[in-house]
Amino acid sequence: MSTSHKVPTVQGVAQEVQENKKSLSRRNIRIGLAFVAPALIVLTVFVFYPTVKTFFTSLTTDRINRSGRFVGFENYAKLFTNGDFWIDFRNTVIYAVFYAPLVVIVALAFALLLNRKDLKCVGFFRTCLFMPFIISLTVASIAWSFLLSPSLGLIPYWANQYFGIQHLDLLGSKSTALATIIAITIWKNFGYFMVIFLAGLQGISQELYEAASLDGANAWQRFLHITIPGLRPTFNYVVIFGLIGSFQVFDQVFILTSGGPDRSTETIVYRIYTEAFGNGKMGYASALSYILLIMTLILGLAQLISNNKHEKEEIG
Amino acid sequence: MSHAAQAPSLSQVSSERHRSDQLKKRAHTRSLIARTLTYVLLIAMTIVIIFPLLIVLITSFTPNKLTQTWPPKIIPSSFTFDNYTSLFQRMPIGRQMVNTVIFAGTVTIFSVFFDAMAAYGLSRIDFKGRGFLLGLLIATMMIPAMALLIPVYKLLASMNLVNSYWGIIIPRLADVGGIFLLRQFFISLPKDLDNAARIDGAGEFRIFLQIVLPNAKSAVLVVAMFNFMGNWNDLLWPLIMTSKPETRTITAGLAMLTGHGSSVTPYGVVMAGALISALPLLIIFFFIQKSFVQGIAMTGIK
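Chains as they are written, first to last, in UniProt numbering: chain A, 1 to 316; chain B, 1 to 302.
Everything labelled a hint here was simulated from the structure, so no lab data went into it.
Hints may contain errors.
Stated by the list, open to error - Ranges of calculated distance between the beta carbons of each label pair, as one might list FRET restraints:
1) 136/B <-> 160/A: 52 to 62 Å
2) 38/B <-> 229/A: 42 to 52 Å
3) 307/A <-> 75/B: 44 to 54 Å
4) 217/B <-> 69/A: 46 to 56 Å
5) 37/B <-> 102/A: 17 to 27 Å
6) 193/B <-> 220/A: 40 to 50 Å
7) 77/B <-> 297/A: 55 to 65 Å
8) 79/B <-> 308/A: 55 to 65 Å
9) 217/B <-> 228/A: 30 to 40 Å
10) 217/B <-> 118/A: 58 to 68 Å
11) 297/A <-> 63/B: 21 to 31 Å
What the hints assert, rightly or not - Stretch by stretch, here's where chain B covers chain A in the computed footprint (C-beta under 8 Å, at least three residues):
12) 25-35
13) 235-249
14) 270-280
What the hints assert, rightly or not - If we take Cβ atoms under 7 Å as the criterion, some of the chain B residues that face chain A in the derived model are:
15) 46
16) 48
17) 117
18) 127
19) 131
20) 140
21) 142
22) 150
23) 152
24) 174
25) 240
26) 267
Computed from a prediction, not measured in an experiment: that's the story for all the values here.
Where is the CB? At the ideal position from N, CA and C, for every residue including glycine.
Sequences and hints are given; from them, build the entire structure.
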C-alpha cells in the first residue's frame, strides 16, 4: 500500500520538474531572443535581406532608377566573357596574394624588433608605428599622392637625385601602380598586425628559448622552431583577415588612381561602385557583387577547414 | 691521492674564471651591439613610417607657391595659415565635422550596446535555437558589406533616407564582428558573478547592465573604438549615401576635395583638410592607446 502510494508522488515530482524545465526553457527562449532582437532586426534588414535581394537583382537588367527584366544568368555570362572582368579579378587576386603575406612579414619584423626585453621606449615606438592605422585610407592616400607626385613630390625628386631615375611616376605607370597601392596599404595597416604579433610573441614561454639556447640552437633555429610554431594561431587569424580585407580594396584606388592607368589598378569593388553608382547598371553590378561574395565565402571556408585540420593535428 | 688529482689547481681556477669572464664580456658586448643596432634600426624605420604624416602636417602650413616649387623641400622657407582659411571657404568643414561626429558617435553608442546585448544573449542564456543563430551570424561575418551596397542603397532610397542622418546610421546599428568579440569576452567571465545576482533575484537585463557590462570594459572599449574609427574613416558608404556637400562626412568631403584629378585643389589646402579630419581620432587614440592596443592584442589570440 504505502509503496504504491509513494510511486505517483515521485512521478508527480518528476512531472513538476519537467514542467518547470519546460517553462524555464520557454522563459529562456523569450529572454534570449529579447537580447538578440535589436541586433537581429538590423542584420535581417541590412544583411540577410540584401544578401538574397542582391542575388535576384543579379538576374535582372535593373537600373538605378527603374526596374529591368529578368534575364537569368545573362549578367554572369556577360561578365565571364568580358575581358574587363578578368582584369578586375586578376588585379584583386594579385592584390590579395601580395598584400596579405607582405603585410604579415612587415608586421612580424617590427614585432620582433620591438619584442626585445632590454628595449626602452617600446611604448613610444609602438605608438608611432601604429599611427598610420588610426588615420583614414583617404588621408593616407592624400599624403602618398603628394609624396609620389611626379611634378611636386619628394620621392621622384630623390629618385632622380640619388638614383638617376628621371620622371618617376609610380602611380601613373601601368607596371608599378598596383604594386604602389599595395605598398601604401601595407604601410597603413601593418601596425595593427604588429600589435597582434607582439601579443603572440609575449605568449611564447621564455623557458623554451632558454632550453633551446642550452641545446646549442642559434637565433635562426630558435626563430624557426619556437617562434614560428608558437605564432601559428596568430598567423592563421592574421593571414585570413588580411586576405578577406584585401578583397574589399576601394578607398586607395578611388583617390589615388581611379582604377587607372589603363585599368591596371581597377579592383572588383571599385568596378561595382562605378557600374552601380556611375553607370547605374544595378543588375550587372549585383552579379559582380555575388562573385565577390562567393570569393570571400571560399576563403572563409578554407580558413574553417584549415583551422579544423590543425586542431585535429594538435589533438592527434 | 685521487682526490688531489681531481681538485683543480689555483692557476687553473683563475684561468677558467678568466675565460668565463671573457665569455660574459663578449656576450655583453654582443648584446650591446645588438641593442644599439635595434635602436638605430627602430629609430630609422619609425622616421620612415611617420614621415608621410609629418609631410601632411608641414604641407598644411606651407604657402601654396612653395608646394609647387622644384626641387621640393621638406621644410619650407615660410609658413602660413592661409590653407586653413581657404579650406573653410571651399568646403563646409564645420558642418561636415558635426555630421561625422553624429554619424560615427550615434552608430558607436547604439551598435556597441546592441552588440553587447546580442553577445550576452548568445553567451549567458541557454536557449533553444542559440546554436542556429550563432551559425547564421558566423556565415554573415563572411559576407562583404560591399556586396550588399546596392539593395541597401535602394531600400534606403525608397524610404527617402538618402542624404539624411537616419539613412547613413541605421544600417550600421549592429555589427557581427563586435558581437563575436564581445561574446568571446563574456564567455571568459566567470558565471558565478551573474549566478549570485540571479539568486538574489536580479533580472537578466540588470545583470547584463550592472554586472557583465562593467566587467567587460576592455572589450567594450576595443569594439567601440573600432566602430568609431571605422565609421569616421569610412569612405564608400557616406560617398554613396550623400550627394550634397552639407550632408557629407568629413572623410567623404575630403575625398571630394581631392576628387578625381587632384590638381583642382592646391595640396596645402587638401593637407589642411586631411589633418583636421585625422586629428580627432589621433587625440582619442593618444588618450586610450594603452588599453586599446592591449584590447587589439586580445582580438588576435582566440
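**Asked** What are the numbers of the hints that this structure violates, sorted from low to high?
**Response** 2, 10, 11, 16, 19
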